[in-house]
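Peer 1: One letter stands for each residue in the lines below.
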Amino acid sequence: MSLVERSARFGTARASRKGTPGAAVLGRFEARIAGWFLPALLLVVWEVLSRVGYLAPNVLPAPSAVASAGWQVLKSGELIHHMAVSTARALAGLAVGGSIGFVLGIANGLSDLTRRYSDTTLQMIRNIPHLALIPLVILWFGIEEEAKLFLVALGVFFPIYINTLHGVRSVDPQLIEMGRAYGMTRWTLFRDVVLPGALPSIFVGLRFALGIMWLTLIVAETIAAESGLAHMAMQAREFLLVDIVVLAIVIYALLGKLADVVTTVLERASLKWHPSFQKTEG
Amino acid sequence: MNAPLRPLNVPQRAAEPPVAGGIAASFNAVRRDFGAKRVLDGIDLQIEAGQFIAIVGKSGCGKSTLLRLLAGLDQPSGGSITSDGKPLEGLTRIMFQEPRLLPWQRVLANVEVGLPPEVRGEQRHERALAALAQVGLADRAGEWPSVLSGGQKQRVALARALISGPQILALDEPLGALDALTRIEMQRLVERIWREQGFTTVLVTHDVSEAVALADRIILIDDGRIALDLDVPLPRPRRRGNADSARLEGLILERLLGS
Ligand SMILES: Nc1ncnc2c1ncn2[C@@H]1O[C@H](COP(=O)(O)OP(=O)(O)OP(=O)(O)O)[C@@H](O)[C@H]1O
Ligand SMILES: [Mg+2]
Numbered sequence: 581m582s583l584v585e586r587s588a589r590f591g592t593a594r595a596s597r598k599g600t601p602g603a604a605v606l607g608r609f610e611a612r613i614a615g616w617f618l619p620a621l622l623l624v625v626w627e628v629l630s631r632v633g634y635l636a637p638n639v640l641p642a643p644s645a646v647a648s649a650g651w652q653v654l655k656s657g658e659l660i661h662h663m664a665v666s667t668a669r670a671l672a673g674l675a676v677g678g679s680i681g682f683v684l685g686i687a688n689g690l691s692d693l694t695r696r697y698s699d700t701t702l703q704m705i706r707n708i709p710h711l712a713l714i715p716l717v718i719l720w721f722g723i724e725e726e727a728k729l730f731l732v733a734l735g736v737f738f739p740i741y742i743n744t745l746h747g748v749r750s751v752d753p754q755l756i757e758m759g760r761a762y763g764m765t766r767w768t769l770f771r772d773v774v775l776p777g778a779l780p781s782i783f784v785g786l787r788f789a790l791g792i793m794w795l796t797l798i799v800a801e802t803i804a805a806e807s808g809l810a811h812m813a814m815q816a817r818e819f820l821l822v823d824i825v826v827l828a829i830v831i832y833a834l835l836g837k838l839a840d841v842v843t844t845v846l847e848r849a850s851l852k853w854h855p856s857f858q859k860t861e862g
Numbered sequence: 159m160n161a162p163l164r165p166l167n168v169p170q171r172a173a174e175p176p177v178a179g180g181i182a183a184s185f186n187a188v189r190r191d192f193g194a195k196r197v198l199d200g201i202d203l204q205i206e207a208g209q210f211i212a213i214v215g216k217s218g219c220g221k222s223t224l225l226r227l228l229a230g231l232d233q234p235s236g237g238s239i240t241s242d243g244k245p246l247e248g249l250t251r252i253m254f255q256e257p258r259l260l261p262w263q264r265v266l267a268n269v270e271v272g273l274p275p276e277v278r279g280e281q282r283h284e285r286a287l288a289a290l291a292q293v294g295l296a297d298r299a300g301e302w303p304s305v306l307s308g309g310q311k312q313r314v315a316l317a318r319a320l321i322s323g324p325q326i327l328a329l330d331e332p333l334g335a336l337d338a339l340t341r342i343e344m345q346r347l348v349e350r351i352w353r354e355q356g357f358t359t360v361l362v363t364h365d366v367s368e369a370v371a372l373a374d375r376i377i378l379i380d381d382g383r384i385a386l387d388l389d390v391p392l393p394r395p396r397r398r399g400n401a402d403s404a405r406l407e408g409l410i411l412e413r414l415l416g417s
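Line by line, the protein sequences give chains R and V. Oh and the first sequence: position 265 is 845 in my numbering, straight run, nothing missing. Oh and the second sequence: position 117 is 275 in my numbering, straight run, nothing missing.
Since the hints were derived computationally from the structure, they do not count as laboratory data. Be a bit skeptical, because a hint or two may be false.
Residues of chain R clear of chain V, computed beta-carbon distances all greater than 12 Å [as the list claims (entries may be wrong)]:
#1 I613
#2 L618
#3 A620
#4 V624
#5 V632
#6 A668
#7 S698
#8 L716
#9 T843
Label pairs and their calculated CB-CB ranges [claimed, not checked]:
#10 G279(V) <-> L606(R): 42 to 50 Å
#11 P391(V) <-> A687(R): 56 to 64 Å
#12 D191(V) <-> S750(R): 24 to 32 Å
Cβ atoms here follow ideal geometry from the backbone N, Cα and C, with glycine treated the same way.
Work out the full structure: start from the sequences and follow the hints.
Peer 2: Printed below as a string of structure tokens:
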């Protein structure tokens, strides 16, 4: 969600806070659960359609069936195992690709020299869909962990790199001049002016990166893996366990939402100063 | 962001500010061109150490440009700026025409930016808070700059400039967004701190009566040159609206309008 959308959203929340206290509480509660209304409705409709026999279980099993299949794999420990493996891969790839992207973005944002030499190369690589490298990656790494790490790292690198670069380069030059005029050292200038100024843009990059991270991982695990969520789904497909396949898809959706929530929390904590993130405190 | 992250080569100053006393500055045939446009066209100006000088002139006549040259943020296209014959190497602080507060730091931390790094720990908060109290904003120390009004932001920037213990202080329309009453209070504050610390002050202002109330000397810039260089021999503390100041104001306004 962009800052603009976010401020619009806070705008409506603020407006609804007027009126009686009871209505205000109700309004806040409504704002909180509103996002889950459609998913819940979908589940109910889906369940009903399955119960009346409109949806065949071997095409799309009922939510209750998916839930009980989920309970089974959860009890056996299988689900936890696969989720742990996938999460570790995702985070490792994010850490590697994200930090390279961040460092290069900062470096190229600050220095014209490194940007002159590396930006063209990076822009060329960016235009290759990284999933197109899968055959090559399998040739290089087989289906070992490195293959997944490489793909995820490559996938998250670009959104972080580009948005960090953009963030650093669009820091208000008047503020930088102010810092210099007040005798800030290079390091203080970076820490107090450049980095905080670039942060909103870096978060935009992180959001994109998280989406790409899951996407890449799922594709890579589907094609070349012996564990992980997508591997579990592929195995279930072989045994025609449609409920497990659907379960995996639902989990992807929840993990995506979780990543989004985590970013929002981080964003709010570090962008407290930003007008879009301020409550009506004063 | 196109400016490289180079710290300005301002020499370190003594640890215990405020350093009493200012330094002299002289503009020697200074020119500044922006492309084909000549904004400053041969400025010759000797500013004595500790002098309070006011610069007036129409919008766009090059006042901010002159201050930026003085602060070393910009280089002249011709001529030089010196201090006692040597290149200007003093501690110059500038208060910009815009507040330029860091939006991600609270008001107090923004004022602390003005303090030299030698001041540490609790001292920083205390000194910054005292400066905020002087501009009447002590109770807003914990706020984000974005919630302040234009005039309040300006006063925070003023506190940041006044706390820096400079040898030359350049003020670019520091009080433009203030109401008449606050404006007079802030003028008194600037004057008092200037008298305590004795730094050389260059004040750009649109308000001729402000110039007459504060300055030892008033410079009028027109068409890239100094059109008027007027001493203000009124005793301090100055009373507003007396016959002498009115006469001086009239003189300057006439020259401003006449050109
Ligand atoms: N970086 C720049 N590039 C091009 N032109 C510039 C630049 N800086 C200033 N100028 C021009 O120089 C002239 C003087 O600008 P300056 O900001 O010094 O005016 P000023 O006297 O401070 O005006 P005001 O009272 O409105 O603040 C203007 O015509 C402006 O357009
Ligand atoms: Mg100006």
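Peer 1: A separate judgement is required for each hint: does it hold in the structure or not?
Peer 2: Evaluated hints:
Taking the minimum C-beta to C-beta distance to chain V, about 30 Å, the non-interface status of I613(R) holds against the 12 Å cut. Even its closest Cβ contact with chain V, about 34 Å, leaves L618(R) beyond 12 Å, as expected for a residue assigned away from the interface. Remark: the non-interface label on A620(R) is consistent with the geometry, its nearest Cβ contact in chain V lying 38 Å away (cut-off 12 Å). Non-interface call for V624(R) relative to chain V: holds, since the shortest CB-CB distance, roughly 44 Å, exceeds 12 Å.
Annotated as non-interface, V632(R) keeps its C-beta farther than 12 Å from every C-beta of chain V; the closest such distance is 56 Å. The Cβ of A668(R) lies farther than 12 Å from every Cβ of chain V, with a closest approach of about 34 Å, so its non-interface assignment holds. Every CB of chain V is more than 12 Å from the CB of S698(R) (nearest about 17 Å), matching its label as outside the interface. Under the 12 Å C-beta cut-off, the non-interface status given to L716(R) relative to chain V holds; the minimum distance is some 37 Å.
For T843(R), the non-interface assignment is confirmed: its Cβ lies about 18 Å from the closest Cβ of chain V, beyond the 12 Å cut-off. Checking the proposed 42 to 50 Å range against G279(V) and L606(R) shows it holds: the Cβ atoms sit about 48 Å from each other. In this structure the supplied range 56 to 64 Å holds for P391(V) paired with A687(R), their Cβ-Cβ distance being about 58 Å. Taking the beta carbon of each, D191(V) and S750(R) are about 28 Å apart, inside 24 to 32 Å as hinted.
Of the hints listed earlier, there is not a single one the structure fails to meet.
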